[in-house]
Amino acid sequence: MNSLIKSASHYFSVYKNFVSTSTQVQASFRTSFILLIFMDLFFYISSLASVSFIFDHVETIGPWGREQLMFYISYMLVIDAIHMMMFSHNFWQLSLYIRKGDLDFILLKPLSSIFSCFFRHFRTPALITFPVALFLLIYYGIAVDISAIDWMLMPLYLTLSITLIILIEFILSTAMFWMVEGTGINFLRMQMQQLARWPNFVFSDYIRKFLTTIIPVLLVGSAPVQFIYNKSRFELLIVMIVALIVLTKVLNTLWKVALNNYESASS
Amino acid sequence: MNAPVIRADKLSKKFISYKKAPGIKGTVSSFFKRKPIEKYAVNNFDLTINKGEIIGLLGPNGAGKTTLMKMFTGIIVPSTGELNILGHRPSDRNLDFRRKIALVMGQKSQLWWDIPAMDSFLLLQKYYEVSEQNFKERIEEMGTILNVTSLFHIHVRKLSLGERMKLELMASLLHNPEVIFLDEPTIGLDLVAQENIRNFVKRYHEKTNCTLILTSHYMQDVLALCKRLVLIFDGKKGYDGAIGDFEKILGNNKTVNFNFSNSQNIEEDFWKQYNPLWNEDSTQVEIQVPEDEVRAVGLEVLKKYPITDFQTEKMPIERVMKTLMENPDILRNQKTP
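Each protein sequence line maps, in turn, to chains W and L.
Terminal number for the first sequence in our numbering: 267, no gaps in between.
Terminal number for the second sequence in our numbering: 1337, no gaps in between.
Quick caveat, the hints were computed from the structure, so don't treat them as lab data.
Some hints could be false.
Stated by the list, open to error - Quick look at which bits of chain L chain W covers, simulated, 3 or more residues with Cβ under 8 Å: (1) 1074 to 1083; (2) 1093 to 1103; (3) 1108 to 1122.
Keep in mind the model is a prediction, meaning the values are calculated, not measured.
Beta carbons are placed, not taken as given, at the ideal position from N, Cα and C, and that holds for glycine.
Next comes chain L alone, as it looks inside the complex (with noise of 0.2 Å):
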């Protein structure tokens, strides 16, 4: 049994603000009077993480993944509760935990926006103190494998999104972390930039073993990378388990689309049984079907009906997890491992 490398015991955030009228009018009188607002961005969260784990830490908008990503690494301070990484408390901003984790964030960058990404990733060196040999090393085989060597001694400010963020990921790795945050790292990137980028960060993982937990709003990244996800809603933690249970969570149905050469009658006994769904010329269906009986549907659909394409869901986890975060409730009668 591996160690746990992160141990986060009912965890809390909170944070005040203020609310201000529309208008000069609400400014003068906020200006004098200010009625402070208190959120907790993050309530009595519990989490373990073992040495070489990937996590998925999924969540809408506002949940406080960031937050929670934010006192991993002691950018700011708990309120209440402890946090235990790698044997250190990370509000202390001990030296030694500051050179065993990286945090990569898709939105923002710690390169120097003016001097090209080689001249940030040689100050990270010295901050890191990586030996000249390492260095060398390591820029090498990252730039190779995410295709950047070109594009080293470009002015960071010219460069695209997708190709700023590869040399992001590569100045948060080259000191060799042993836990990486990665917060949406493939926010706005074209399809295969976040492929390439799922790719790399896979290929590190299985080369270092290190310990990563990853923020998305795109389930592909979670799909290729995690096996364990955790779930946050409003602060609180929803969900904390194997991506196989998650995907079960409302039932073991699996969905499948059929399209049909003709309109089909919509009222026949045969679909009602699975839930259809309709387009609106009845040329088109999505039908729920118990997992254990896909493959006798289909031969039963494919020999009644006149079929011109058929589809099972690829990532029922996106079904999941749009159908959770409109109804956050549902996983209140969930029990999690």
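Here chain W stands alone, though its shape is the one from the complex (with noise of 0.2 Å):
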């Protein structure tokens, strides 16, 4: 237990470390820091005003009205903040260290490689835009009248929602030791983020059921959601659980795997 809290203070006090850094070269570029910010508030906008757009001509979308469908909407602009904030940049990175040779300094700290790969930029401007992404979720959250417990429940639901689909993007990321170039896999990683942002009732049967098991992408808005909305519909966040496991044994593997299949770029 004593050497879990040391080596989680230890992984703690780098990734402070990596805030830090990270934080100093963005705030250098101040251009490209704010746009980042005004880019993040467009996104919430356009996502927002898409879905009240639809239901200024319908009344519900499955079994959805408006209200219930702006509040999954704002939960999934939480998950895309934090995702902003501490590892979109990452996914980019990995390609160009692995063609550059830039992981060999990386393989060589004494913490996870995966740790150092995918936790290593921080997008500080997200820490402005992800206020405004939490005030949508109480307000919609309000809107929808959850109870008090699923309010307190709500950093588990997000931990677990933002860990599925990080462990999706980190397995899909390990290709790239293979491609090497790694554009294809980041767009396709981009399109599972797509695929999430919706609920998983919007999708025919079979996909449906292919994005649950398979690929488990759905399970990381509407699992906790309809678990929030309907407390009998548990079952999608034991499938969550379930997914999380296998994926963290799938991604141990393939990670050894693809680092032992990296031959670093000639100096």
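Each of the two chains sits in its own frame; use the hints to bring them together as a complex.
Encoded structure:
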């Protein structure tokens, strides 16, 4: 237990430095820093506006009315904000590390290479837009009248969701070790995020099953939000937890194979 | 007798690449069908290094030096063979192993480009869990010796190559590693910067008795730091032994140069026995003299000819290295210890 706490504190202290160094780098490019904030805000507005526009013409989408779907979209915007803040930039960097051989130094560091690869770059501008996403979640959460227990469990739901989506993306990214060029993988990854942005009932039966069990991207938002709306819908949450365990194992195995396949760039 | 710190046994690394014909036709054809080309960057390489040794790992470009370094540090996994460093198999990438080693690459940087070096040092301090006191002491000490304390707070991208290299060295040594791999640490540096780096490494080794493996194309680096040389050609070990023995690999002759105040008769029998190389106007000659005759021959030439200047070879290692690079087959007839 002691060693676990020590290890966690070691990782946390390194992560604090990742945040600090990333912030310094981004703050030195002021225009880009401000542009990223506006880009995120624009994305939030367009996401909500498109759903609102649809509801100007229909009463419900599947079993959900306007407020319910807006809450779902807000939930996914918070996931997106955390993703942008903590992970997004790292996926783009990974293929550069592999191509240029910069991964060499990461592999030498005495910490998990998954941690060093995927947590290294922190996007500080997202810290400013994150409260906006959080505000939207609270606003629509109040509108759909979610229970006090669900508010308390919200950090857990969000943690499960973000862990699931990044595990799927980490696994997809290991393909970069073989492909070297990572653009294709990164676009595929972004498509996964797009799929997760909609509740599972908008997909046809076969696609829904495939995207719930084989590539469980539809569980990211649908599992916790459907449980919030209806406590008898806990089966998706259980599938989500099973998926998290299975994907962690798959990632660890694949990552090891991928690193053994790494050839480094010649100097 | 020191225990081996590094033991490589029949170590090999095979890479697969593809050949592509030029132009769009070649691109289309290689998109659908690729013919793999297998190449051994390192082939059946054996090596034992004891604690505290400094080894010069030399060879021409593409010989496999960097591939060896990357296998030693666990960055890449050997195709076959066994490797043991400080009781660890590097390819297992054990965290304890990573704390004990350091790699400096002259052509790659581990410092963050867009922030000052001190911020990278602070990150490394956290990575390696270096105590606050040790961190301050090491930064102070190394910074002073390398004369770079004034550069700690300048963005790395604004520094010169020499300045950056000194800071790279510091970054790699902050955690007090037991084994240090220096891959061309002086490449591209001016003479003064090269000397600074060499002196620093020498001093650091004297203080810590760490084990050092150095690759470099500059023979001054090797002469200043190493007692033992390992040569690699086409992935195979060509020589492993003392520098002194290496210098005599082509024989015991020394090269001596003489400059004359006027043109000399190059047909004289005296010169012919020493395999002379004359310049165009016969005012300069380079001769090969047996090591034990240098004094006598020197005196005779000084007495008989109008000498304005003369030098004995300062770095026979450079001549031997050049000759071997041009004709690596010479080594096939040599026995290595």
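To see whether the hints hold, each was checked on the structure:
1. Only residues whose beta carbon comes within less than 8 Å of a beta carbon in chain W count, and the stretch 1074 to 1083 of chain L has 4; three or more means the coverage holds.
2. Proximity of the stretch 1093 to 1103 of chain L to chain W, defined as three or more residues with a beta carbon under 8 Å from a beta carbon of that chain, is established by the 8 residues found.
3. Counting residues of the stretch 1108 to 1122 of chain L whose CB lies closer than 8 Å to any CB of chain W gives 8, which reaches the minimum of 3, so the coverage claim holds.
Violation of the numbered hints given earlier is absent; every hint is satisfied by the structure.
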